[in-house]
Amino acid sequence: MDISSLIDSLHPLEIKVLTAFGSSHSGSALTTEQLAAATSLEPSQLSMAVEWLLAKSLLAIDKETVTPVASMTTVGERYHAKQSPIEEVLAAARSAAGTGQRLTIQNLQSQGGLDPSDVSKAVGRLKKEGALLIVQGGCIESTGRPSPTAERLRMLLEQLHGASRELEAFSESDRQIIMEYSVKRGNANEPFRVDERVARSFKVASGGITALEHLAKETATEEVSQLSPELLKDGSWRTKRFRKYTINLRAPRIAIGKKHPYREFLDTVKTKLVSMGFQEMRGSLVETEFWNMDALFMPQFHPARDIHDVYFVKQPTHATHIAEPFLTKVASAHRNGGATGSTGWQYVFDVERAKRLVLRSQGTAVSARTLASRPAMPGKYFSIARCFRYDQVDATHATDFFQVEGIVLGEDINFRTLLGLLNLFAREVAQAKEVKFLPAYFPFTEPSVELHVRHSRLGWMELGGAGLFRPEVTLPLGVSVPVIAWGLGLDRMAMVALGIHDIRELFTDNLDMIRTTRGLF
Amino acid sequence: MPTISIFKKDFESLLGAGPRIKRPVSIERLEDWLMLVKGELKEHVAETGELRIELQDSNRPDLWSCEGIARQIRIKQEGKLAPYPFLSKKPKITRRVVVAPGLAHVRPYVAACTASGYRVTDEGLAQLIQTQEKLADIYGHKRRTVSIGLYQLKNIRFPVTYQLVERDAARFTPLGMETVMTLSEILMVHPKGLEHGHILAGHERVPILRDASEQVLSFPPIINSREIGEVRSGDDELFIEVTGTDLPMVVLTLNIFAANLADRGATIEPIEVVYPQKTPLGKRVVTPQDLGRSWTIPLETIEQALGQKLGGQAVKQALQVYGYEVTSHTGSVKAKLPPYRQDVMHAMDVVEDVAMSRGYAEFSPVMPAQFTVGGLSKIEQTADRARNFMVGMGFQEIISNILGAPEQYRDWMRVTDTPWGKMVEVDNVMSLSFSCLRQWMLPSLLRVETASSRAFYPHRLFEAGEVAIPDPSHELGSRTETVLGAMIAHATAHFSEIHSCLDVLFYHLGKTYTLEPVPHPSFLEGRAGKIVLSGKAMGVIGEVHPEVLERWQIGVPVVAFDVNLSQLIDHQ
Chain Y
1 MDISSLIDSL HPLEIKVLTA FGSSHSGSAL TTEQLAAATS LEPSQLSMAV EWLLAKSLLA
61 IDKETVTPVA SMTTVGERYH AKQSPIEEVL AAARSAAGTG QRLTIQNLQS QGGLDPSDVS
121 KAVGRLKKEG ALLIVQGGCI ESTGRPSPTA ERLRMLLEQL HGASRELEAF SESDRQIIME
181 YSVKRGNANE PFRVDERVAR SFKVASGGIT ALEHLAKETA TEEVSQLSPE LLKDGSWRTK
241 RFRKYTINLR APRIAIGKKH PYREFLDTVK TKLVSMGFQE MRGSLVETEF WNMDALFMPQ
301 FHPARDIHDV YFVKQPTHAT HIAEPFLTKV ASAHRNGGAT GSTGWQYVFD VERAKRLVLR
361 SQGTAVSART LASRPAMPGK YFSIARCFRY DQVDATHATD FFQVEGIVLG EDINFRTLLG
421 LLNLFAREVA QAKEVKFLPA YFPFTEPSVE LHVRHSRLGW MELGGAGLFR PEVTLPLGVS
481 VPVIAWGLGL DRMAMVALGI HDIRELFTDN LDMIRTTRGL F
Chain H
1 MPTISIFKKD FESLLGAGPR IKRPVSIERL EDWLMLVKGE LKEHVAETGE LRIELQDSNR
61 PDLWSCEGIA RQIRIKQEGK LAPYPFLSKK PKITRRVVVA PGLAHVRPYV AACTASGYRV
121 TDEGLAQLIQ TQEKLADIYG HKRRTVSIGL YQLKNIRFPV TYQLVERDAA RFTPLGMETV
181 MTLSEILMVH PKGLEHGHIL AGHERVPILR DASEQVLSFP PIINSREIGE VRSGDDELFI
241 EVTGTDLPMV VLTLNIFAAN LADRGATIEP IEVVYPQKTP LGKRVVTPQD LGRSWTIPLE
301 TIEQALGQKL GGQAVKQALQ VYGYEVTSHT GSVKAKLPPY RQDVMHAMDV VEDVAMSRGY
361 AEFSPVMPAQ FTVGGLSKIE QTADRARNFM VGMGFQEIIS NILGAPEQYR DWMRVTDTPW
421 GKMVEVDNVM SLSFSCLRQW MLPSLLRVET ASSRAFYPHR LFEAGEVAIP DPSHELGSRT
481 ETVLGAMIAH ATAHFSEIHS CLDVLFYHLG KTYTLEPVPH PSFLEGRAGK IVLSGKAMGV
541 IGEVHPEVLE RWQIGVPVVA FDVNLSQLID HQ
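Line by line, the protein sequences are chains Y and H. If you're matching positions, the first sequence starts at 1 in our numbering and goes up one per residue. If you're matching positions, the second sequence starts at 1 in our numbering and goes up one per residue.
Don't read these hints as lab results, they were simulated from the structure.
Pair ranges (Cβ atoms, derived): (1) Y:I256 with H:K42: 40 to 48 Å; (2) H:T512 with Y:G341: 55 to 63 Å; (3) Y:G341 with H:Q77: 26 to 34 Å; (4) Y:N510 with H:Q77: 55 to 63 Å; (5) H:T173 with Y:D350: 35 to 43 Å.
Derived coverage of chain H by chain Y (criterion: at least 3 residues anywhere in the stretch with Cβ under 8 Å from a Cβ of chain Y; other residues may be distant): (6) 428-435; (7) 447-458; (8) 468-478.
Short, incomplete list of chain H residues facing chain Y, as computed with Cβ under 8 Å: (9) K38; (10) S58; (11) E352; (12) P365; (13) P368; (14) E380; (15) G392; (16) M393; (17) F395; (18) E397; (19) L403.
For every residue, glycine included, the Cβ atom is placed at its ideal position computed from N, Cα and C.
Chain Y extracted, bound-state conformation (with noise of 0.2 Å):
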């Protein structure tokens, strides 16, 4: 690690221990207890600052002493304030001697607060010293002599009463009896410890003098946080210190400007379908049934223009006309066929039906106006439409969403260019390389396929439905080429793309969510 990244990574507190060594580079060791004094730190912290400089190398041991010390425990201080239990023991022994009672071992052990391993250590050691006697039947009887130990141990007591000593500092004999009543492993009920006490003095190695002459630098130049127009524009900034950033931390949110998720898959299919010489077709949100239905040859009696299908208008109900030549055309292809060579659907067209005004409930209502308005042959034409269907709204059904809808209208149009046209859509659109063409029943069209794709996510899916508009619907039109009606079903791969599961998530009153969806084009 080079010095500049060592020194940034350096913690505050390690910063305030090595400087504490000063700038004097003398190599003038430091105890703990003057560190702790120079840097007034919390011993805690002391200790973790240098242990962490030790593990850098940036500081050095440069003395270790280890003392044991001496001190009281919880115990010996119980003992102090009330007796321990060999003192305890004689002076129960001496009072049985002046009343004269008998007093076994057993009665020892039942008075009150005595643990019956102490009473055994504390009769045996006094029996020993000759202040006690045992004799028939186990009765304890006091000799009246004096026990050296249990006197030790009150001197020893007071001694060590709220402070700690060196262990050095007792007499050879002092010092046996702290061992033997000091906290062992395996025996915490004593009044005493030993610790070691380890004094450490510091010194700064060889690393940690580069440091510091670094840090000494550091400290001579004024810290700042933020870069101004001024320090730019007198220089100054030379002689500053730019405060460093945890650049690691989460950055603050914000919430940019930006398109619909939902747009920007339309516009993906927008784009393609322009570069493919499509031209945008718009239309009208009310239509008649004329040119939503009619023109289409849906027959007036056909079960999806029910009252359970398509949105009426309320007001006004009907249209103010039909543009002639084309009501009284497309009126006859359904009697009869006019002149379109077909049968007709052999019912009395209601002109008045033909004008009812609805919700435009199919997009190929858009490519029935762009026949009747002089189209481009060739030609192309695509609409992104808002359409409307009586529907009861889940997760899979919209009431009101948008079509991808279009006609190709050519003398070169066939079934097989229709095919290859949805081969193209199935490559560009859905990027499958596979697709199937089935047969499909549309009312405005024959023949009808259903183009169905493998998406590299969803599997075999209904990409679209397509087919060549009927002489009964291009003739009445004006329109005497083959013409290609088709559309495409895009919700699902708008779903999948944008990572949702709820058709009506594409158009969600959640702020959150809509700032949050990221498309997978």
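Model the placement of chain H on the given structure of chain Y, informed by the hints.
What follows is chain H alone, placed relative to chain Y:
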């Protein structure tokens, strides 16, 4: 598009034992074959052998049964349709149905036949009932145009009379009931009477079928008699009758039933229907009757439409294995439809049958080669540019339903009974939430704001999309125009903030505008302006009225504008 249920075993036995038919039929094979009938397998219950099949072609009722599907596939395998003997030119007539006068304006037509020698199986009965229901419901427009009755032949004495009677002049026990009822009681009480009674509305006298011993067979199109008109498994003599308002459809429906029962082994005996007056098929009409029309189609028409040279022989072959009777001529084919079909209206329908019979996979795709110029409409180009400027100004685009609730579009905007509250409304409302078309964009923007108070602020939203503006002078009563709406919402949102955005937008769209104060009820008075170009208002801008915010339950100030892009691009 009916979905029907068939049983695989039944289907296999109807397919016959032709040399090219391997049984059991695999599901993959079946799905392949279904392309011939525009069918899609929706469900296969392996344990019971039940197959649920959706049939797309609403003009091919002959395919809406196990018999019909099997027939279309069988013809393809056997090479041609075996003739139905009951359609011979000079049938022997032993039974008659007599039509009494007066039915012409109620339900004029009837067709009938008998079927014997086939003992009805459970599967066969299920198909008979399903076909009866689907044909009457979908092809027969919920029984209005066509309805069907099935009976046990042995209980009927001929001739049967089809006649009109007063609603209280006839009584019988209808299917599904225990007691004798008059026709008016049936119409008022019986579920089928309640469901279909409206078909007879306005007619004091209603149709019935009665036999020679005066027993009522049925009350078409409502219900059959329980005594005669209930067919059970095991019956082996049936009488089938179809009534309706369209003679070709009535005859076709009977033809389909006759063909279906003949395919199951029944002998069909035609019946002569005697009308009081002349019908398009004469006064005496023998049914079933082959009405299959012949089409002479130039080979060139077929080849041009399909984009492929096929030759007369291949076309003939394709049509024969699809059920047509075909004769070749130089440069054309004459194709006669089978008796159970009437769906061909144009030569193009025959062209499709050629393609389906050969299989769509037989046609290799060809790219359309003619050059065309692609492009966007002027309004879409402008909307796209406006979207880009709005995005550049930090606005998030939203997309909304155009259909909405009048309460929100009108009451919550404080524009009830004002010119701004006029909208295109739906007549047949399904849900009030989707019952009128927006005529400007602000309600769509507020809809998102209402739902998004927990999304961090500021909120800068826009939508560019279509609206419908009522206009009595327009032939459709409204104009569809493209509008751009934008709004800013946060604790200190201010008029000048949104004004700056409008200003930049117009600068880049190259348009000069002025603001004129407007007392628009959706905005705070004195803080709203019309956006005016050469004296014509093309939008509105302002601070949204606190009462509007309250109604939408929005807790922060909102400033917004709404610009009609369609009018803007028309303006020079």
